[in-house]
Amino acid sequence: MQVFAQQAINALSLGGIYALLALGLAIVFSVMGLINFAHGDLMTVGGYAMWFGTITLGMPLVAVAVLAVIAAIVGAVAMERIAFRPVRGASPTTMLLTSFAVSMILQVLFQDFISARPVGVPLPGWLSRALPVFGLRVGVVQLTAIAVVILALTLMTLFLKRTVLGMGMRAAAQDFPVARLMGIKANRIVSAAFAISGMLAGLAAFLWVAQRGSVEPAMGLTPVIKAFIAAVLGGLGSLPGAVLGGFVLGIVEVVFQAVPPDAFLPFKDAFSLIIVLAILLFRPQGLLGKVTERA
Amino acid sequence: MSRQTSRNNPLIRSLIGTGTLGAPLAAILVIVVLGLGAVGSQLAINFLVAMIAVAGFGIYSGNSGIMTFGHVAFVGVAAYASGLLTVPPDIKRQALPNLPGWLRDTQLSFGAAMVIAVGVVVVVAVLFGIPFARLSAGATPISTFAMLLIVYVVLVGAKDVTRGSQTFYGLPSATTLWIGFGAAIVAIFVARLFRESVFGLRLQASREDELASRSSGVSVARLRFGAWVLSAAVVAVAGVLMGHELTAFSPKQFYIPLQFMYVAMLVVGGQATVTGSVVGALVVSALLEGARRLEGFLHGVNIFGYSLENVFGLQEITLGVLILVVMFWRRDGLFDFDELDDRVRSAIRRRRESKEPPAVVATPIAANE
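Residue numbers (numbering that gives the first Met the number 0), protein chains in the order written: chain A, 0 to 294; chain B, 0 to 368.
Here chain A stands alone, though its shape is the one from the complex:
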């Protein structure tokens, strides 16, 4: 029982990070149809901001987190202006390839101008301690992750349901041309979508780096591929689906880390992705996706 509860917390904190990333991807995808490959590099930008904040500026932890989020937001909005505005409205393949190229270029720039090797981000020692909670010992990092994820998702829900901009974004996600006819400004919506996805990527970067303590040029690649899979699993284009997909993937991964014998451990990523593909075999539109017949 205790082991189960421990693993459940691990699954929640890992799944939460995937959920944040997948939600950011899904917001951009639903508004402009872009599968943003460079989303992971926003995470890397956030990670390097943390490195800069702790090493060069000597900032406290909370300030470092804020810095990471701001850096990722700025990165996301700049990315949209420079790279994605020229291809807005183009075919999904064109936009996907553009983001793929942006991601590759950014990774080389990180490599050449920062370091090809991982750089360490020293974080306060209490972050890696474990606290007793209801008779369990739970890592501070995991607790922070769960708290941050719950807070971020709650705020996102309120933003999307209660504010004009948020409602505009949901409208644009359903039907962009009609939303524009209702007086919603396209540039504002797209910029806001990128800013939000940047914010979520920055939070994910903070939680990811807090657990690992280092940043490298290709840091964002693996988590973002998994977040993509999570978004597809939840139903591409569905925002609640992305969050659900993230948590499901987190749970599947933790199960494959904990349950099978050690000999299978090198294959854990392969197993969890195969499970996801198997789910998609029976539900190709994703868990919460709808079958749409739009050309």
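These aren't lab readings, by the way, just hints derived from the structure by calculation.
A virtual CB, placed ideally from N, CA and C, is assigned to each residue, including glycine.
Where hints are given, some of them may not hold.
[As the list claims (entries may be wrong)] To give an idea of the interface, some chain A residues facing chain B are shown, with a C-beta separation under 8 Å as derived from the structure:
1. I34
2. T93
3. L96
4. I104
5. V107
6. D111
7. I228
8. P265
9. F266
10. L272
11. I273
12. L280
[Stated by the list, open to error] Chain B residues, not near chain A, derived (Cβ > 10 Å throughout):
13. G110
14. R162
15. S284
16. D341
Position chain B against the provided structure of chain A, taking the given hints into account.
Just chain B, lined up with the frame of chain A:
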């Protein structure tokens, strides 16, 4: 009349198309090999292997219009499969002590190994293709990335069979320029024949308008599945050739950087045409070689007291910028719709029309019926 039927016959069109592409290709290879010697023939083989892979990649992505990121996994599986079948048992005993006995003692010829390796890749492609065929066009690219990740993890993890992330070595160096060129011609022909065939045309219809083609009775999922498996088989040939050209490799050589190169080749040339695959592979290979030499040249150069010790990634930057340029200004690539032979044919027709009185212009239109 008979001339017109032959012009619309897919087999004859494909043969003409292969010849139109093959002749200049052979000429370019001769120039490169004579001009650069041993380095040149190495470059030529590299280019041919990449071209075969891109032609195979285009069979799926070009006809269906769905970009994928998993084809490099097929290259890797084919290279390892062919390696396991051709490496001499003595080397295997040393390099892979835990290999099952029957596999350790197997040593096949290059040709037999290629057939089996392609078969192995086809099995892998079928297994992944079943869920992919059911997914929407938007979800497929991401899911193929998952496939790449799965295959990579398995190649690294299966240490007893692949030596994990360590170098797998001992393959006989069997890929000659002639074999490469022959395989390239076959790949061009297969890709072209699929494009001209009724299956290719239906798949292209689904690329242009999925809903309309479905309502006209095109079984999109089944066609995508078929094209996926065929494209995997062609890519597998490239994988076997690559394995026997490198003779030693590790899983990270069959991962995102190589896929990135193939994607750049495909989109620069033009996804929808076979000519595009060939031209894209040629252009990108040339640019990459240029970037590689520039990297070597810049190494250690001093600019304003800042020594350029490590100019990493000039090749990746070249690829990235190239893709962006194509996406911003020429989204469908250099050969967007017409193959080389189509362009030659319409150029000839235009010349004839400008010489003859306009009354003859009606002939080609009427003949098409």
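Hint numbers contradicted by this structure: none
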